[in-house]
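Asks: These protein sequence lines are chains A and B, in that order.
The first sequence begins at 1 in our numbering and counts up one residue at a time.
The second sequence begins at 1 in our numbering and counts up one residue at a time.
Treat each hint with caution, since some may be false.
To spell it out: a stretch of chain B is covered by chain A in this simulated footprint if at least three of its residues, at any positions, have a beta carbon under 8 Å from a beta carbon of chain A; those stretches are [said to hold, decoys possible]:
(1) 27-35
(2) 94-107
Derived lysine to aspartate or glutamate pairs resembling DMTMM-like cross-links, with alpha carbons at most 20 Å apart [what the hints assert, rightly or not]:
(3) Lys106/A <-> Glu127/B
(4) Lys282/A <-> Asp312/A
(5) Lys106/A <-> Glu124/B
(6) Lys141/A <-> Glu323/A
(7) Lys337/A <-> Glu501/A
(8) Lys651/A <-> Asp74/B
(9) Lys526/A <-> Glu127/B
If we take Cβ atoms under 8 Å as the criterion, some of the chain A residues that face chain B in the derived model are [what the hints assert, rightly or not]:
(10) Ile104
(11) Val110
(12) Tyr214
(13) Asn226
(14) Val636
(15) Leu645
(16) Ile653
(17) Glu656
(18) Val657
(19) Ile660
Simulated from the structure, these hints should not be mistaken for laboratory data.
Just so it is clear, the structure is predicted and the values come from calculations on it, not from any experiment.
Backbone N, C-alpha and C fix where the C-beta goes; we use that ideal spot for every residue, glycine too.
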Amino acid sequence: MQRIGVFVCWCGSNIAATVDVEKVSQVLAQEPGVVFSTNYQYMCSQAGQEMIQESIHKYNLTGVVICSCSPRMHEATFRKTCEKAGLNGHMVEIANIREQCSWIHKDKDVGTEKAVVLGRAAIAKVHLNAPLTAGQSPVKKRALVIGGGIAGIQTALDIADAGFDVDIVEKQPTIGGKMTQIDKTFPTLDCAACILTPKMVDAAQNEKIHIYSYAEVESVKGFVGNFNVTIKKKARYVDETKCTGCGLCTEKCPQKKVPNAFNLGLDNRRAIYIPFAQAVPKVATIDADYCTMLKSGKCGVCSKVCTAGAIDYKQKDELIEQEYGAIVVATGFNPIKLDKYDEFAYSQSPDVVTSLEFERLMNAAGPTGGTLLRPSDGTHPHTIVFVQCVGSRCDDGRGKSYCSKICCMYTAKHAMLCREKYPDTDVYVFYIDVRTPGKNFDEFYRRAVEEYGVHYVKGMVGKVVPQDGKLKVQASDLLGDRQLHIDADMVVLAAAIEPDETARPLATKLTASMDTNDFFTEAHPKLRPVESPTAGIFLSGACQGPKDIPETVAQASAAAAKVIGLLCKDSLTCNPCTAQPDELMCNGCSSCEKVCPYGAITYADKEFRGPNRTTLIRRMAQVNPAVCQGCGACTVACPSGAMDLKGFSNKQIMAEVDAICR
Amino acid sequence: MSVNEQFQPTIVAFCCNWCSYAGADLSGTNRLQYPANVKIIRIPCSCRLNPMFILRAFQRGADGVILCGCHPGDCHYTTGNYYARRRMTLLFSMLDFMGIERGRTRVEWVSAAEGAKFAATMNEFVETITKLGPNRRLEDLRCSKE
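Based on the sequences and whatever the hints tell you, model everything.
Replies: Have a look at this one:
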């Protein structure tokens, strides 16, 4: 039998005004097991806490019930108070007689009666409480960053600066991500490559950073502080340690008709390629889908010209296992596919391009060497129409319901650059709204309109029809209340952005949650924006939502700070309220394993002593207390009732039910 | 219906720790009134609610039981409230089969910001149960108050 002390708080007049605290403490003193009951003006004050501690010693209390404000307010306070007096913190229960009693009732009799019932329920529960201690689990001092774009690079550099080892896993042959394809950046118009490539080199040269390029995460096991990750290094058929990146093979390869993915298919590359001049690592990769040697065994030109002897046609995918303390997701975004938007004639005319394709056409390292030319006939366009919100803020089921955030600004940039390079072009931008929140963003947009004379028209483009080498654009001008017909040479579509297609399978591997648009969800949208709800998984960049470069970098550094905070610790304190199976009742049916959102439950064979000195082996559920977050889903799924949750056990909750219904 | 006017139902509300318990606290902080018949039991997640607890409450003389959890998609544990929703759907159809009025049990999603919704839900629920009258069908008379 527990020896329970009851402490009723007045909370000044907050409780005492509508609850007769004296009466409550007297009535609760009559409950079985209660050896001491009192009330005091402010239990959370220094004097109140000392009174609790003295009573624990004086009456040799084994359980404490505090009738006060919400446990969300002071549960931690009172647990610490009791721990200082030598009583386990989990032997404290709080009866919430302020938020859920005194503040919602005006009648003192009603309030007092309810406070007594709530106190009884807490006493009934505390009778069944057991001391709980939180376990400790060690932290592996190494971080994994998935995705090597600007977000991943920044996170890795910051973590490495703090002295921890970091691995970057990038699925492309080079790190750099989307930013490598961008020409200029808004609102300063500095060149993206000039600010990105030094960072790529920094990452490659940093001793603490290891880059797995052309690699993917195969599987993730474990939990915060102790992730066990298998990385699949895809065969690039080139020995990375030998290749010098001279590029001779990429000039001699006879297979010339491979769409160049880096230039979004606007030109061709060879079957062996280096994505772009500043690639990191600067190593050639053979595209197995096009290489005739790999497909038919005939060719071998690259092997012959390679002076370093780096070509290895027999290379296989390689699996690498590594342990990590923390994982950062930085998988980024992609523009959506426009096959559902036939009205813009994207598939019919090569002169209708997406904004990212336009970016390549403007880029000095792009397929046209930075001269803006129509992809169809290589002539200079004189009228360019930009269409905003293609697939963004779209409720008809073809696109995305959200705002892609970056399109207004990059379109203003594109329009401005067109007018600056080619003052003879007419530039139209069709928009629903122009959204420019951000430092110097609105000034930038106004410059496009006022200084550069870009025609901004509020309204949507209804149809684009290719005709006689021109693009007939039909649009509405909502402010002028008229229909516009423009003979354009080029149409640029600001396609919505969506999470990378690898994000969802990755989220499954990480047991990290996603929203309906496949963006990773954060632990709290305001107060924990860079952490996933799954402990030890952090979010960096556009995988969490549409973002521009400054925001991405800020979030990347914030995620790094969180990772550093985690890796600095030698061990982690686990949640003590975890699930625990009853060994005698568990029959190893796997029901609990299926519902566990954290993968905390595994199975192991356990030996039991059978009759007549025999040994029985039975399969049993095992809960990893470092992973279990204590939701209790498994406790209900268990058909034999073997699974229970510490701190919220079946018996404890039923004791509360009984006390309330009594 | 003079009997029912004096009838004070016993109502057990199970609230998940992250959303609905905080929502209940908020309705207190905002001094929004709801009847004292409602007594709240804190559980970590709506998926912790074993259907057995509801049966036990009815057995011990509760007149109504309500479960409050995070809105679908907002569960602190990602998927807990979806489990709860399925389990309660099953339980409620069983209770229906047993002749327990459908109105005596309820699931409501209340976020930590919805103090007003919590109070309104409780007011409405108490009113419903008061109209339904005492629950006699599942009550175990051996546990009876008298």
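Asks: All hints are to be evaluated individually against the structure, with a verdict given for each.
Replies: Do the hints match the structure? See the list:
Here's how the region 27-35 of chain B fares: 7 of its residues keep a CB closer than 8 Å to some CB of chain A, so the rule of at least three is met and the hint holds. Interface restraint, the region 94-107 of chain B with chain A: violated (0 residues with C-beta to C-beta distance below 8 Å; minimum three). With a CA separation close to 19 Å, the supplied pair Lys106/A and Glu127/B stays within the 20 Å bound. Distance restraint check for Lys282/A and Asp312/A: the Cα-Cα separation of roughly 17 Å lies within the 20 Å cut-off, and the hinted pair is therefore satisfied.
Straight-line distance between C-alpha atoms of Lys106/A and Glu124/B comes to about 19 Å, which keeps the hinted pair within the 20 Å bound. Under the criterion of a C-alpha separation no larger than 20 Å, the hint pairing Lys141/A with Glu323/A is consistent with the structure, at around 9 Å. Between the alpha carbons of Lys337/A and Glu501/A the distance comes to roughly 12 Å, so the proposed pair stays at or under 20 Å and holds. The straight-line distance between the Cα atoms of Lys651/A and Asp74/B is roughly 28 Å, outside the 20 Å bound, and the hint therefore fails.
Annotation: proposed proximity of Lys526/A to Glu127/B is violated, straight-line Cα distance about 37 Å (limit 20 Å). The restraint placing Ile104/A at the interface with chain B holds, with a minimum CB-CB distance near 5 Å, inside the 8 Å limit. Hint on Val110/A holds. Least Cβ distance to chain B is approximately 5 Å, under the 8 Å limit. With 8 Å as the threshold, the beta carbon of Tyr214/A stays out of range of chain B, its nearest partner Cβ sitting at about 32 Å, so the hint is violated.
At a threshold of 8 Å, the smallest CB-CB gap from Asn226/A to chain B is about 20 Å, leaving the interface hint violated. With a cut of 8 Å, the hint placing Val636/A at the interface with chain B holds, because the nearest CB-to-CB distance is about 5 Å. For Leu645/A, the interface hint holds, the least distance from its beta-carbon to any beta-carbon of chain B being 7 Å, beneath 8 Å. Because the closest C-beta pair between Ile653/A and chain B is about 6 Å apart, less than 8 Å, the hint holds.
Because the closest C-beta pair between Glu656/A and chain B is about 5 Å apart, less than 8 Å, the hint holds. Taking 8 Å as the C-beta cut-off, the interface hint given for Val657/A holds, the closest approach to chain B being about 5 Å. Proximity of Ile660/A to chain B holds as hinted, the smallest CB-CB distance being about 4 Å (cut-off 8 Å).
Hints 2, 8, 9, 12 and 13, counting from the list given before, are not met by this structure.
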